[in-house]
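Participant: Chain by chain, the residues run as shown.
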Amino acid sequence: MDKRRVLKRPKKMEAEPTHNLPENVEKALGLLKAALGDEWATADDAVTAGYARDQGFKHCMYPDIVVLPGSTEDVAKVFQIANECLIDVMPYGTGCNTVGLTIPLFGGIILDGRRMDKILALDKDNLYARIQPGVNYCMLQAEAQKLGMRVANPSAPATVSVISNHLFCNINTMASKFGFGMDNIIEAQIVLPTGEILEVGPRAYGMDPAQVAGFGPDMATMLRFAMGTLGYVTEMTIRLYSSPAVDLEFYPAYPDDDLSDLIEALYRLARDNQCLEIAHLQNTFYGIFMGENNKETEAFVDAVPRNNIMAHFGGATEEEARIKVEYARSQVQEVSDKYFFIEPEMMAEMVGGKIHLDRWNKFFRETVRVQRVRGSFIIGALVNSLENFYEIEKAMRRGVTNQIGTTDGIFRPDDASAYFQPYHMGRMAYLEFDLYTHQDDKDDFLRAYLGFFRAFFTAQAMGSVAAAGTASLLKGLPGLDMALPMAKPEFANLMSLAAALKQTVDPNDICNRRWDYDTGTAKKFSLF
Amino acid sequence: MKENLTKTREVLSQYREDYALCSKCKICHGNHVQEVNHARFFRNCPSGSRFRYEAYYASGRMELARALNLKEITVTPQYKHALYTCMECGSCQEQCYPVKQIWPLRVIELLREKAVAEGWGLLPEHEPYLKNLEESDNLFGKPQAERDRLIVELGVKDAAKEKCAVLLFTGCRYAFKPETKQTLKSAVNLLKKAGADVGLLGSQEICCGAPLLEMGDRDFFEVFAAENIRRFDATGAETVISLCSHCASVFAEEYAPFMGSTPLHITQFLSAALAGGDLKATKKLKATVAWHDPCRLGRRLKEYDAPRAILDAIPGLKRVELERSRHNALCCGNGGMAGAIFPEYGVWVANERMYEAEFAEIDTLVTACPWCEEMLDNGKRERNSSVKVENILNLLNASVGGK
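Chains as they are written, first to last, in my numbering: chain E, 1 to 528; chain W, 529 to 931.
Heads up, simulated DSSO-like pairs for lysine-lysine below, C-alpha to C-alpha not over 27 Å straight-line: (1) E:Lys33 / W:Lys608; (2) W:Lys846 / E:Lys146; (3) W:Lys599 / E:Lys12; (4) E:Lys362 / W:Lys830; (5) E:Lys354 / W:Lys830; (6) W:Lys599 / E:Lys11; (7) E:Lys12 / E:Lys77; (8) E:Lys8 / W:Lys599; (9) W:Lys808 / W:Lys720.
Chain E stretches covered by chain W per the calculated footprint, using a threshold of three residues with CB under 8 Å from any CB of chain W: (10) 45-54; (11) 90-96; (12) 110-117; (13) 132-138; (14) 352-363.
Since the hints were derived computationally from the structure, they do not count as laboratory data. Since the model is a prediction, treat every value here as computed from it, not as a measurement. A virtual CB, placed ideally from N, CA and C, is assigned to each residue, including glycine.
Please take these sequences and the hints and turn them into a complete structure.
Facilitator: If you want it as structure tokens, here you go:
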């Protein structure tokens, strides 16, 4: 055995701890092993190390215990034991986090859902699936497609837990027509932090998922953006979509870097609501989804026009889909004569063959493989209307290029790229703004890091609502915790309401205390 | 051994950026996401699928490397369990490297080397294998003299005494395991029919050293590598053909720059012989078969086509692909010495592979690696499967009319 001295195991306690006391951790471990079986609960450093860190900026911090429950009843037992011993519980789906959401601040239990990985039901007639937390998009998409259905595919890797991502928004290309994943949750089975099992949605009333929930409060959406603070979802029923008999691709392209006409065209198409899928993508986005590797990515970036609208029109017949495409073409042409329309065959040729275009379509619409090319930064923001896109994006770009401007133009303009995703026929939208760094250049990495923050604050100042992921990132950074409520006082009020709800369902305050600590900072500042 | 007889040595710290930058996107957990058609067949990490904790996937093992480097943790029995249950199948790296330029398999290999170098590595279950190699020069502790008998039985040249163009490296399993005798006969018969001037080293053949590399003992591996290279060169053979994919991969990856002959896996040699008309498969065999890609032949050597070409050349065979095939192939359960030291876990993985074979509705699962054959047979017995496990050489030999 290695006799080396442990220099620093990142683990800390609160100043006056009431939770996670060492003697209670030891007691809890014994109880958990007895409840779940020896194999499925451990406090071994070799295991806890794997849950201490992700790619975000949050400090590395070890949990005390990791458990792998195999059923809803197991999850209930974990919460019961955690309450008895006052140990924090951090819910964990498949662990594809980017911003430290599942890193415990003061230790406690990580509740890893990957042993619960069954697709419990797939209903072709009523278009829904019931799943467990360990099911990822790749698994569900594969099974749904066999029955002629699709699950809304987020711009996240296909290894992400469907339950986690659907609760956490799920930005997808069908959002203009069907909404984000969070709008498509039908029902859920939740283990509350007290260990009680709660059914929400139609099932709570003894009804089929295809039926309307009926009388009484429907709490099916209670867990949206709750980020594990209100319990652990052990089963969820979500809507799926049928694949049309005919599906036509439509690629209007706009050569300039000026987005005003592009936003207008996007808005029109979204408002018409004829297309099954629609998104705007700058060339870098094509690259990262088309390329099998970073080298291919760079080549594709140069091959496609700067701004592109990607739309898909479905129909029962080719004629029906074609009519929709032609109408869309006329709408876009009305906006500007600078638009040109790339036929799918030509698009395939531009990107080096149909195989690449098919791959891109599959990546973006069905299963995303690449989380991000290495060394990239992303800012996700929900923008209150499509019209706001243009100004915000322009200001963010200025913020970045001003930063980058100090570096002798090492960044190409293409290194900052935007993706606009209309939501609910353009009533609202998601803006994603990415920066790409040259992988081996550490200075470049730093410049992008600084540019990222300039762009973020610019967007905030102009009224964008930070997507939850980005907000969590901010909350983990000292100083920025206070800057956010200063910029947006309503954010602090929202946090206070969330804290009140949490206290109701989690009297011992054990479930995802990270949130409590983070919002506590915001709350204090709002009082001040 | 101080001299650099095989490829340039690396140390774990050279990959610090890799394990520090792993972004936990988890693509290392499964297959290429665009090539998954069934939920069950998404999973492709043997140890992660069995033990489920993060530490048992490549993304978690990167943390094991990082945490040890930063002295955040000490080595515990579970640390070693997580380290040595990796089958080194390379599926993680197949997914990760193209998009992230990170080498998870290399990190795991070097973490094992670090473990041995620092004296905390290896488990009691590894000891018998090390002892056998130390005392007998082969993995199973058998008298080397038994290998001499093969020269007579198979009617080939003694390469230690007379010159031959093709040196057949049998490997430890084929030399000493009676159940593999037919495969060895088939191999020699096929090589002779293809017109090869074949010789064996007999008792002069020692282990290729692959198990040692898999355990992380590079010093000991280099002792075997140096001696093998010397003996290969002494025969004057132009080609060294191995029957085992583990031998083939170390010859190609480690020995090749330093040896005078060309290393090939036997499927590579035979597919070329079939394509060139030196060998003809004429007898019809009626069966539906699928090729199980050995990790070392497939992902390591990128040889996916040669064995398929051989199967396609056999009249009457209907070849189908398993759901997890080629670069997405699932390990048989016997890689990285993990199956040897944790047999129950190895059988668990093989059981899953045999389920996949049944799912594909095949009669026979075909492979060309003795490690795969052994573990898949165990998996077949475990689930009482009707799917047969067969070496490709026996099928081809039957089709060319050999005994």
